[in-house]
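Peer 1: For reference, the chains in residue letters:
Protein chains: 2
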Amino acid sequence: MSASQDKPKVLRETDDVARSQAHAMLAYARVAALATHEPGTQWPLASRVSLALGDDGQPLILISRLSAHFAALEADARCSLLVSESEIEGDPLRVARMTVLCQALRLDRATHTVERSVARAAFLKHQPEAAMYADFGDFDFWRLTMERASLNAGFGRAYSLSAHDLLP
Amino acid sequence: MSASQDKPKVLRETDDVARSQAHAMLAYARVAALATHEPGTQWPLASRVSLALGDDGQPLILISRLSAHFAALEADARCSLLVSESEIEGDPLRVARMTVLCQALRLDRATHTVERSVARAAFLKHQPEAAMYADFGDFDFWRLTMERASLNAGFGRAYSLSAHDLLP
Numbered sequence: 035m036s037a038s039q040d041k042p043k044v045l046r047e048t049d050d051v052a053r054s055q056a057h058a059m060l061a062y063a064r065v066a067a068l069a070t071h072e073p074g075t076q077w078p079l080a081s082r083v084s085l086a087l088g089d090d091g092q093p094l095i096l097i098s099r100l101s102a103h104f105a106a107l108e109a110d111a112r113c114s115l116l117v118s119e120s121e122i123e124g125d126p127l128r129v130a131r132m133t134v135l136c137q138a139l140r141l142d143r144a145t146h147t148v149e150r151s152v153a154r155a156a157f158l159k160h161q162p163e164a165a166m167y168a169d170f171g172d173f174d175f176w177r178l179t180m181e182r183a184s185l186n187a188g189f190g191r192a193y194s195l196s197a198h199d200l201l202p
Numbered sequence: 035m036s037a038s039q040d041k042p043k044v045l046r047e048t049d050d051v052a053r054s055q056a057h058a059m060l061a062y063a064r065v066a067a068l069a070t071h072e073p074g075t076q077w078p079l080a081s082r083v084s085l086a087l088g089d090d091g092q093p094l095i096l097i098s099r100l101s102a103h104f105a106a107l108e109a110d111a112r113c114s115l116l117v118s119e120s121e122i123e124g125d126p127l128r129v130a131r132m133t134v135l136c137q138a139l140r141l142d143r144a145t146h147t148v149e150r151s152v153a154r155a156a157f158l159k160h161q162p163e164a165a166m167y168a169d170f171g172d173f174d175f176w177r178l179t180m181e182r183a184s185l186n187a188g189f190g191r192a193y194s195l196s197a198h199d200l201l202p
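Each protein sequence line maps, in turn, to chains A and B.
When the letters of the first sequence are read in order and numbered with our numbering, they come out as residues 35 to 202.
When the letters of the second sequence are read in order and numbered with our numbering, they come out as residues 35 to 202.
Treat the hints with caution; some may be incorrect.
[What the hints assert, rightly or not] Listed next, the stretches of chain A that the computed footprint assigns to chain B, with coverage defined by at least 3 CB atoms under 8 Å from CB atoms of chain B:
hint: 1; region: 58-71
hint: 2; region: 107-119
hint: 3; region: 141-154
The hints are simulated quantities; they were obtained by calculation from the structure and are not laboratory data.
Yeah, the Cβ is synthetic: ideal placement off N, Cα and C, and Gly gets one too.
Modelling step: build the complete structure from the supplied sequences, incorporating the hints.
Peer 2: Set out below in structure tokens:
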């Protein structure tokens, strides 16, 4: 490897293998790291969320109003999700992972009643344990509309994916 | 649970149990999510890093100059780490996790020679597989000086930790 001053070509051309891998990672993921901006300080915050894909292929999260990321997304809808292929044995950097940049929208019970109901069904199918608290007044579903992503499928296998690439 | 308009008291008083749990999570973690700002857009980015604790108790990461987070930290040293207790069975939100807000410093080979060497030894003890690429010209160790953290040890068990609480 050479120093990066030469701007080496590190991205491979996005192909169907990369797209399929991205779709599979999104479909199977039950947990992700979410990056948001801390309100006030704008510090980048990494937190944990449980997720599921909606029927439209966009990620859904179910989060509490008491959480830091809820307040963060209310103040700034820009966020990203880190999803990963599987668990870690040996070197953690050998496992494929993907950063997906998204815009978050809260599926408000009053103004997005139907969308919330559809999202709820898709979410609970993937995360049945969440039925225990999904209807608490403090919890809301959010849809994360994907804008673009970077997929790192292991050393030397990096791809850039568009919103179009990310949908099945 | 009630709506958050009343500003319910969601944080417990930080005690030695919470501090010990935080220390253990940091000491055992081999992988973390890192939140940074994307240069140019300031979009929050969540990416994966491997990590180890330095002898001073501060987290160390080893990252490539070709990665998005390297460029991000060069432009803005503010970041956060998400570390987690263990792997996921059942509801992912039942597993303890912690967001640690940090300031990143690159341990430059020329200007931080001794610190880099000490960091390298601590890192490779915890991540022996990284010996394969730790000395490549494209890789650098960074020290993440911890400022504060939020520990979520499961439903109803949330704590705020200071820089002092986070060090052993």
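Peer 1: Run every hint past the structure and note whether it holds.
Peer 2: Against the structure, the hints come out as follows:
1. Residue count for the region 58-71 of chain A with a Cβ under 8 Å from a Cβ of chain B: 8. That meets the three needed, and the coverage hint holds.
2. Figure legend: the region 107-119 of chain A, annotated as covered by chain B; annotation consistent (6 residues with Cβ-Cβ distances under 8 Å, at least 3 required).
3. Counting residues of the region 141-154 of chain A whose beta-carbon sits less than 8 Å from any beta-carbon of chain B gives 0, not enough to reach three: the coverage restraint is violated.
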